[in-house]
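K.L.:
With the hints as a guide, bring both chains together as one complex.
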Amino acid sequence: MDNVLTYIVSGYNYWAALILIMIGMYGMIAKNNLLKKVIGMSIFQSAIILFYISISYKSNASIPIIAHGHGVADHTAIDPNLYVNPLPHVLMLTAIVVGVATLGVALAVLQKIYRVHGTIEEDEILESIKE
Amino acid sequence: MILDNTILWQFDVLLLPMVIICALAALTIKDLVGAAIVTGAYSFLMCLLWTEMLAVDVAFTEAAVGAGVSTILLLATALHIKRKAKD
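Going line by line, the protein sequences match chains A and B. For what it's worth, the working numbering labels the leading residue of the first sequence as 1, then goes sequentially. For what it's worth, the working numbering labels the leading residue of the second sequence as 132, then goes sequentially.
Chain B extracted, bound-state conformation (with noise of 0.2 Å):
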């Protein structure tokens, strides 16, 4: 079965510069539960990305653990913490 996958690097090309967006915004936010939910974000568009890049298991564990637990426990530690940072 061979797949032909020549339209799948303009996805590559419309994902990267989102996920370098997400991870920046990540690391500006000064609000710490903003930045949390921006973090999972950034963990879904890697998701994504490996989904195109044809890793389907990698995609599925980081969907799980990345974007779902890793969110849960950014998040139970923001609110739990002082909200504002100062940079």
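Only chain A is shown next, with the shape it has when bound in the complex (with noise of 0.2 Å):
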């Protein structure tokens, strides 16, 4: 039981993560204005890159980037036990790009909704539509 409870708290990192992309996705849906909505998208991501960052870290380790690695003849081998993994750390980089991509098409998609219609609030887009 004391096991069991250890594990849960130590991983308090995905926890937050978790509530994190609850609190998106509750964006998402529930709200009715549609820059909240992308405001919500936008929660979402990130906590998915908090979610890889977590899973790259370790304890007792250093940024990955190798001291003195250029211009010396007698390389020896690097433990990896030393460096965070950077696999996640590149992924979430392209990440991060792509949702500032995502983002600017969304707004410029709200930009055009709200010179349409004349407001961005969801149900007097579709009451505007029904007319």
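Watch out, some of these pointers could steer you wrong.
Cross-link-like lysine-lysine pairs, in silico, DSS-like; alpha carbons within 27 Å at most [said to hold, decoys possible]:
no. : chain 1 : residue 1 : chain 2 : residue 2
1   : A       : Lys37     : B       : Lys215
2   : A       : Lys130    : A       : Lys112
3   : A       : Lys112    : A       : Lys31
4   : B       : Lys161    : A       : Lys31
5   : B       : Lys217    : A       : Lys130
6   : B       : Lys215    : A       : Lys31
Just so you know, these hints were derived from the structure itself, not from any lab. Computed from a prediction, not measured in an experiment: that's the story for all the values here.
P.N.:
Shown next, in the form of structure tokens:
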């Protein structure tokens, strides 16, 4: 029982990522304002990035940069336990840039909707479409 | 070079509730310009969180792109449209 409790508490990073995913999904589903939906999508994206960066972390390790790694003739082998895993970092760099592109397109569509319908509230847009 | 980072989880415990509070505030504030600013603060706190988790490359990309460009895009949109939201 104590072991299970330790396992649950030590994963607090993953619990925070899970809570943020739920907050983002709530924003996307329940909010009436379209800009709030876009903000919810942004929160969802960075929660997933938080999940991946939490995977790459290890204790008693350094940032993944090899000190004096260039210009040395006698290269010794590198101990991977001394560095955090850089592969999820690289994947999430791409995810951040894609997220900003998605945000830009979503905001452009939102401004076009505002120009056509005069509002960004979802129920008012639906009424405007019916007329 | 071994970093003794046994102290870093305390930053983690401090930053994670602040991130969750900022996320909730960004969704509940009725003023859209305020919501955009709080989203920028959320991105900056995420950037601090990633520096603390030793992902420095992700951290400075987030600081430039997430906290910089996204906030400007959100602010520009919030200033173009009607500022008050219903919920």
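K.L.:
Does each hint hold? Answer for all of them.
P.N.:
The hints, checked one at a time:
For the hint linking A/Lys37 to B/Lys215, the alpha-carbon distance of about 15 Å falls within 27 Å, and the restraint holds. Of the pairs offered as hints, the one joining A/Lys130 and A/Lys112 holds, with about 18 Å between alpha carbons and a cut-off of 27 Å not exceeded. A hinted pair counts as satisfied when its Cα atoms are at most 27 Å apart, and A/Lys112 with A/Lys31 qualifies at roughly 20 Å. Pair hint B/Lys161 plus A/Lys31 holds up; C-alpha atoms about 11 Å apart against a cutoff of 27 Å.
Taking the CA atoms of B/Lys217 and A/Lys130, the gap is about 21 Å. The hint holds against a cut of 27 Å. Distance check on the hinted pair: B/Lys215 and A/Lys31 sit about 14 Å apart at the alpha-carbon level, within 27 Å; holds.
The structure meets every hint from the earlier list without exception.
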